[in-house]
Amino acid sequence: MSSVHDWTPTNPVKENRSGLIGKPVDRYEGPLKVTGTAPYAYEVQTPSPPAYGVMVGATIATGRITGVDIAEAEATAGVLIVWTHLNAPTQAPRGTKVHPRSSAGSKPALENDRVTYFGQPVALVVGETLEAATAGAHRVKLTYAEDHPDVDFRARLDAAVSPVGEEDVEIGNFARGFTESPVQLDQTWHTPIQNHCQMEPCASTVWFEGGKCVAHTSVQMVKPAQHGLAETIGIPRDDVHLMTRYIGGGFGGKGQTYDDLVLAALAARALGRPVKVAFTRQQMMHGTIHRPATVMRVRLGAEKDGRLNAMSMMTWTHCHRDGNFTEHASNFSRALYAAPNRLTGHRLVKLDLPGAGPMRAPGEASGTLSLECAMDELAEQLGLDPVELRIRNEPPTDPENGRPFSMRQLVRCLREGAQMFGWDRRLPTPGLVRDGRWLVGMGMAAAIRGNFLLPAKCSFTVDADGVITVKQGMTDIGTGTYTVLAQIAAETLGVPLGQVRVEIGDSELPPAPGSGGQFGAATAGSAALAAGQNLRTAIAELATGDEASPLFGGRPVDVTFQDGLVAIGNRSEALAELIRRAAPEGLTVEGEIRPAADAREWSQQTYGAHYCEVGVDPVTGEVRVRRMLGVFAAGRILNAKTARSQLTGGMIWGVGSALTEGNAVDPRYGSLINQDLAQYLVPVQADIGDLEAIMLDEVDDKANPMGVKGVGELGNSGAGAAVANAIYNACGVRVRDYPITPDKLLAGLIARGL
Amino acid sequence: MQTTITVNGQARALDIDPRTTLLDALREHLRLTGSKKGCDHGQCGACTVLVNGVRINSCLSLAVMHDGDQVTTIEGVGTPEALHPVQTAFLTQDAYQCGYCTPGQICSTLGLLRELEAGVPSQETPAGARPVLSDAEIRERMSGNICRCSAYPQIVAAIRDAAGSMA
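From first to last, the protein sequence lines stand for chains A and B. With my numbering, the residue at position 228 of the first sequence is 228, and numbering never jumps. With my numbering, the residue at position 139 of the second sequence is 139, and numbering never jumps.
These aren't lab readings, by the way, just hints derived from the structure by calculation. Any given hint could be a false lead.
Which residues of chain B face chain A? A few of them, derived with a C-beta cut under 7 Å, are [claimed, not checked]:
(1) T20
(2) T33
(3) G34
(4) C39
(5) D67
(6) F90
(7) Q97
(8) G99
(9) T102
Some residues of chain B that are not near chain A, with every Cβ distance over 10 Å (derived) [said to hold, decoys possible]:
(10) A13
(11) L30
(12) S143
(13) A163
These numbers were taken from a predicted model, which means no experiment stands behind them. All C-beta atoms in this analysis are idealised placements derived from N, C-alpha and C, irrespective of residue type, glycine included.
The whole structure should be built from the sequences, with the hints applied where relevant.
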């Protein structure tokens, strides 16, 4: 097995001779996106006119379908198919893996008469047009035997148990440490269900070509989508060609496929023509996963100088009756602050709600909304600056497992952020600063998010024009994958960016794990670097072994790649010329990355510090984010432009979490109250003031051969807590039940006589 | 129903189901898929197009209501080889990530710039004053276009850049 030490020798990304690594270049696929010519899953050109599928959702949360009347739907003009569980094509039983190495099992749609969540797709209508299918869908009549849905999370906290295979983690003796601490804090925070609200609703376009299933869908991970579809419809995996080239946002919600894919495939097979199926915006809210609600109890015991003696974070959360997803909101706290006595864990209750699942920074996004506010409250109790409190609890090694940090620049993020933001102007006593009708306050919070590397492959091809083509079954969900892969290829082979092609989002390309957990750039990029290094070796051997090359007879190891030339010292020739002459068919090589065997001997995280200034209107309870700054340390940055966008985007997600985002459950129906974008309030342009993200210089040699880490989720971690803490500093009201909406603030404002 | 809509300068005769929205007519009948369907309820702005120079949510009107109208979609704004200054500004400012809301943002920007040129006030415009291209005006006027990737600061920067380069 390899070691992280194998990653330290020089490599072209670290040498960065052309300066392309880190450069804020425009997005590779940008011209297609700004002209509307990038085809998303519902928009791909089909070989013949498609039929349109519309799904019908269940109107109960739990029970059985007892009556099906599709006569009127079938009689609707232009309707081609009406399926329910009674007449849907046979699919492999749930979870079937005919191929033992399939990365996903069968996920049948319209499986049986059982309904397990409100909005579950229970019928499909396919029509000649979208209008015909929609009209037909309205005419599907289902009757149900409804069970009483168990959906009230807060009422069911006592039923929550430790997730399967998990135990609480205690270091030292928390109870004693807490009791003996002279300063104590014990508070509970609530976060609501949140929805991803990707701008592109999940959609699939599928057709069959000579027995092969061609499927375009909007998904973050290619292989599980391909394998799951093949297993479900009962064909060999290689007979599914799955593509996901442009994805209109994922955020974790497209980490899995939904019934649109299987239903489009089944209908396409039944009709012998392409079929498109999309979720409506309303269907997205129930039919795809959500971030579950949490209750988080934080207990901090400190010495009078602020050093933590005891820390506990316990999270209660929920998932679908048949699921096991746990929002691990306590996990991040295990690596954040020093404290000799520690207790962390999770409790999970299963409910008759739609599926809970990962949403941008799962764990941290919710968890920091409690712990980072608890630290703010503790700082106030101690009469300490909140930045200083965090610095005093900076651990020398991972406080949970004692492992050394691969790289930890949290204190630098805190200090530089404070200076840039003008934190010294903050008055610690709340409610003292006014700007016209606004009460103004500042808040801050730390950010942390783990770093991961997964196995991936990639291929590089150089052709007779000297063009490098990168191929990888990776995805770009707006993260910048296309762009950073192009940069790595261009830098590695010493060619201009315009001489690189990138092909991703395709099951027939070398496999990569996809986008999620902010592991994408590190994982896909490291495989690309490996492919690039292998192609360099192949080209160097070709050049030095070719009598017609000026490099003939040299040592392959001495060959350099820059400006489209291969060279040894002052002997050089154009890469394109060499390939045209010596390998006119082109050269293709693969590269592969695997996590090093000893990578987990280091505690690997990304870090940051958020600073926020808000205005609170004491009359209406309205909160305005006036300005916000994040300072981040996340390894080598591959593209300063796309990375910054990821970070600022994450910060704005934090604003949404703090102020507007949440979905309540209607206990009568087990449905979510907010079913569209007029009710579920994501931040809009007018909600966001001046906002900046700064990235510190960093290279983390323990992370991967490039020293990069992820940024996609880091910006979200802690951002909402900074907003909440600023609200307190502005007006002296603590709201521990997110989102902090005017009604909740007003109660506190009135109580304070403001 | 028969209807003729001039789309990006070309008269397009359509024989279309009267239930078809302008958005679906563009996407499914004319294969102009640059206009996006984000909510189909006029809540997200991804489907924004210009009708006779004014920005609208194309998902909220029926195609047959636009007989004789001039419709400009993102495909009529520029091409990858010849970008409009607003498109160039979105590209260079990284005013997008996933790209799904982007055509709507860009069409909305074109509408916004025309509104400012015509002196159309917004809630941010002081009473009686002529609106100017301030960040506050941009944020107010672009709040009908949701970007879940949250490229909002970059979008403001892009609109400022574009307005500057078009002046």
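Violations among the numbered hints, reported as their numbers in ascending order: 5, 12
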